[in-house]
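There are 2 protein chains.
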Amino acid sequence: MRPKLTDVAEKAGCSPTTVSRVINNYGYISQKTRDRVYAAMRELNYQPNTLARSLQGKQTKMIGVIMPSITNPFFAELVAAIEDKLEVDGYKMLLCDAGQDSEKERRYLRMLEANQVDGIIAGSHNLGIEEYQRYGLPIVSFDRDLSDQVPIVTSDNYQGGCLATQALVDAGCGHIYFVGNPVKTGHPTSRRFDGYADTVAAAGLTVHTARSAFYELPAAKGRELRELLTSGRKIDGVFCSDDLTAILLLKAAKKLGIGVPEDLKIVGFDGTQLVQNYVPELATIVQPIPDLAGTLVKLLYERIADPEKKLAQNSYLLPVKLLRNQTV
Amino acid sequence: MRPKLTDVAEKAGCSPTTVSRVINNYGYISQKTRDRVYAAMRELNYQPNTLARSLQGKQTKMIGVIMPSITNPFFAELVAAIEDKLEVDGYKMLLCDAGQDSEKERRYLRMLEANQVDGIIAGSHNLGIEEYQRYGLPIVSFDRDLSDQVPIVTSDNYQGGCLATQALVDAGCGHIYFVGNPVKTGHPTSRRFDGYADTVAAAGLTVHTARSAFYELPAAKGRELRELLTSGRKIDGVFCSDDLTAILLLKAAKKLGIGVPEDLKIVGFDGTQLVQNYVPELATIVQPIPDLAGTLVKLLYERIADPEKKLAQNSYLLPVKLLRNQTV
DNA sequence: ACAGATATGTCAATCGTTTGACAGAAAATA
DNA sequence: TATTTTCTGTCAAACGATTGACATATCTGT
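Protein sequences, first through last, are from chains G and V. Counting from 1, position 319 in the first sequence corresponds to residue 318 in numbering that gives the first Met the number 0; the numbering is continuous, with no gaps. Counting from 1, position 278 in the second sequence corresponds to residue 277 in numbering that gives the first Met the number 0; the numbering is continuous, with no gaps.
Bear in mind the hints are in silico, worked out from the structure with no lab data behind them. As the structure is a prediction and not an experimental result, all values here were calculated from the model. Some hints here could point you the wrong way.
Note that the list lumps identical chains together, so a pair holds whenever it fits in one copy or between two copies.
The calculated SDA-like cross-link candidates involving lysine to any residue, where the alpha carbons are at most 25 Å apart (straight line), are [to be verified]:
id	residue 1	residue 2
1	Lys84	Glu215
2	Lys57	Asp147
3	Lys103	Pro47
4	Lys320	Asp305
5	Lys308	Thr208
6	Lys253	Asn276
7	Lys103	Gly127
8	Lys309	Glu9
9	Lys253	Arg20
10	Lys320	Gly26
11	Lys308	Asn276
12	Lys3	Glu307
13	Lys57	Pro2
All chains should be built: construct the whole structure from the sequences, respecting the hints.
Here's what the structure looks like:
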């Protein structure tokens with residue numbers, strides 16, 4: 000049997016109330032009693048039952064983190080960074096991989112509510128705004144506008160699009176393509192395209208896009224990219240909306256004997272440690288993953304501390320960096 | 000205010016007991032009442048408070064998953080697979096990234112106990128066996144012997160080592176190196192080396208190793224590998240104990256103008272989807288991630304259902320597959 | 001010696017649910 | 001009609017903690 004508070008009290012020779020007071024630092028407690036109680040706790044290897052504490056009104060110290068697929072290195076690193084911050088503050092992470100499945104996301108949302116989590120970090124977006132508003136929980140969102148009441152944290156995708164494209168322009172490209180996810184307008188990541196489009200226009204060049212589905216199989220995507228390169232169109236620069244696509248493009252070019260960067264320059268987006276370490280030649284836009292995680296967590300804490308408090312800002316745009324490498 | 004059981008009772012015009020009976024399918028309930036209760040629940044958007052239920056004696060339906068760094072694609076895919084299985088059965092996953100930090104792992108272990116998780120899947124191993132035994136929780140282990148009482152699930156690392164090395168031998172290599180983690184004997188992954196060593200010996204060749212730390216920085220590791228290749232030693236085949244190392248080696252060889260597979264053949268280990276998709280030329284040993292996850296989860300369920308039951312097997316060794324590609 | 005601060009204890013309510021004991025009513029069966 | 005079986009309700013105790021009210025005892029310092 001797991002020891003309980005009364006067992007500790009008995010062992011320490013005091014009342015349950017006193018033990019609770021020690022644990023919660025409440026009321027007057029002499030150092031001597033405090034020591035005796037701690038000794039008893041250690042001896043019995045006592046852990047307060049968090050269920051009981053939370054039921055009584057305390058926080059659960061649990062945060063629900065809803066993300067699409069952590070098998071994507073970017074989300075894996077983001078989740079790892081979030082976990083790291085939360086753990087330091089004694090929070091636990093219920094990880095919810097919602098994938099592309101809105102039913103699953105809905106189930107998870109209900110589940111998180113039933114489990115009385117203190118807050119939610121939402122990075123997966125298969126559901127409408129209303130669904131998120133229904134639950135009166137502190138929420139912060141990554142990469143998506145949910146509502147005025149929900150702060151949103153994103154990288155400065157527009158800036159990233161500009162930086163990437165400008166790098167291609169500066170490198171002398173005259174036929175710059177945008178290759179990436181077919182994003183709905185309004186979605187923050189579509190700002191990458193906007194940055195691209197504006198920069199291309201400012202340079203007096205034309206917009207060319209070859210959009211491919213984010214969740215498409217990589218093999219099919221690779222084939223598509225090879226077709227693009229062999230289509231006879233003039234292409235000397237490509238801004239890919241994510242690094243994984245950029246890697247596929249790089250491979251396609253190599254296979255076709257197209258020199259990178261001589262004949263074709265490439266810039267990706269995301270800049271995970273994984274890609275930086277294992278595809279170090281790829282020029283890319285680096286999202287500030289630790290800062291993103293830090294901001295998400297910090298804002299969530301604020302919401303938890305005071306859910307009613309009006310937000311100073313609704314939107315937090317974090318600067319990105321161009322990592323100039325051999326592919327540009 | 001969140002609705003509670005009594006609110007549902009009131010709305011449905013029946014007693015709390017009846018509502019509870021409906022929820023728990025307990026005792027006699029007419030279909031009519033059942034329908035009325037469900038209607039009331041839906042109308043109020045009622046979710047039973049899992050804290051209260053669990054406190055009362057029900058399971059928490061929470062599983063602690065302790066892993067080292069999910070930024071490693073292998074663990075990311077393993078965790079994703081585990082999460083997927085658990086969610087189907089209504090379990091939630093508390094993800095604990097213990098990294099290389101034994102203090103953190105200890106904190107997590109205590110925390111999981113305090114949170115009354117139903118069981119633990121342990122894949123991170125910074126702590127001694129005793130620490131795991133102290134907590135009377137159902138545990139299954141990935142890739143490590145904890146004790147007779149804890150079932151262990153692993154890929155057949157020995158078989159993998161053999162397959163990989165044999166592939167190199169068959170391809171005509173005469174100077175085959177083992178490059179990888181400096182693993183302590185006894186650890187399941189050291190069986191990869193054993194398989195390598197036995198196969199090399201059987202072919203009448205000599206064992207050569209160049210071990211490098213798993214958690215070493217990739218840049219340093221890459222440098223080491225380049226040194227290895229330029230050291231003047233005769234090397235025509237390398238079995239890397241993980242794919243990431245294999246990728247670094249591949250890059251080192253390319254940079255040095257060493258032809259792969261003409262001059263140097265390489266086989267890796269892990270075979271994640273990510274690597275298969277984005278480094279498709281790499282020959283590797285594929286760990287059966289979905290099966291590993293399935294087995295871990297299934298065994299954990301059995302332990303939860305009956306913690307006392309003697310284990311049919313203590314160790315589950317899952318077969319691996321050689322993925323023959325251009326690097327061999 | 002006495003006020004006030006400090007320390008500890010007892011008791012009971014509370015959090016939201018489950019579940020057993022028991023009673024009584026309605027419905028089904030004999 | 002009598003007897004089961006089925007349905008629903010009331011009541012209360014539990015789960016393991018927190019916390020407020022209140023009483024009492026032991027220290028301070030003056």
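Going down the list of hints, with the structure as the test:
1. Lys84 to Glu215: Only across copies: Lys84 and Glu215 sit 23 Å apart there, 32 Å inside one copy, limit 25 Å.
2. Lys57 to Asp147: Cα proximity of Lys57 and Asp147: none, with 28 Å in one copy and 39 Å across.
3. Lys103 to Pro47: between (32 Å within a copy, 19 Å between copies)
4. Lys320 to Asp305: For Lys320 and Asp305, neither the intra-copy (33 Å) nor the inter-copy (54 Å) Cα distance is at most 25 Å.
5. Lys308 to Thr208: neither (43 Å within a copy, 61 Å between copies)
6. Lys253 to Asn276: both (20 Å within a copy, 16 Å between copies)
7. Lys103 to Gly127: Within one copy, since 14 Å is at most 25 Å while 37 Å is not.
8. Lys309 to Glu9: Classified as neither; 48 Å inside a copy, 35 Å across copies.
9. Lys253 to Arg20: neither (68 Å within a copy, 66 Å between copies)
10. Lys320 to Gly26: So Lys320 and Gly26 fail the 25 Å test inside a copy (52 Å) and across (63 Å) alike.
11. Lys308 to Asn276: This pair counts as neither: shortest intra-copy Cα distance 42 Å, inter-copy 46 Å.
12. Lys3 to Glu307: between (36 Å within a copy, 23 Å between copies)
13. Lys57 to Pro2: both (20 Å within a copy, 18 Å between copies)
The structure fails to meet hints 2, 4, 5, 8, 9, 10 and 11 from the earlier list, while all remaining hints are met.
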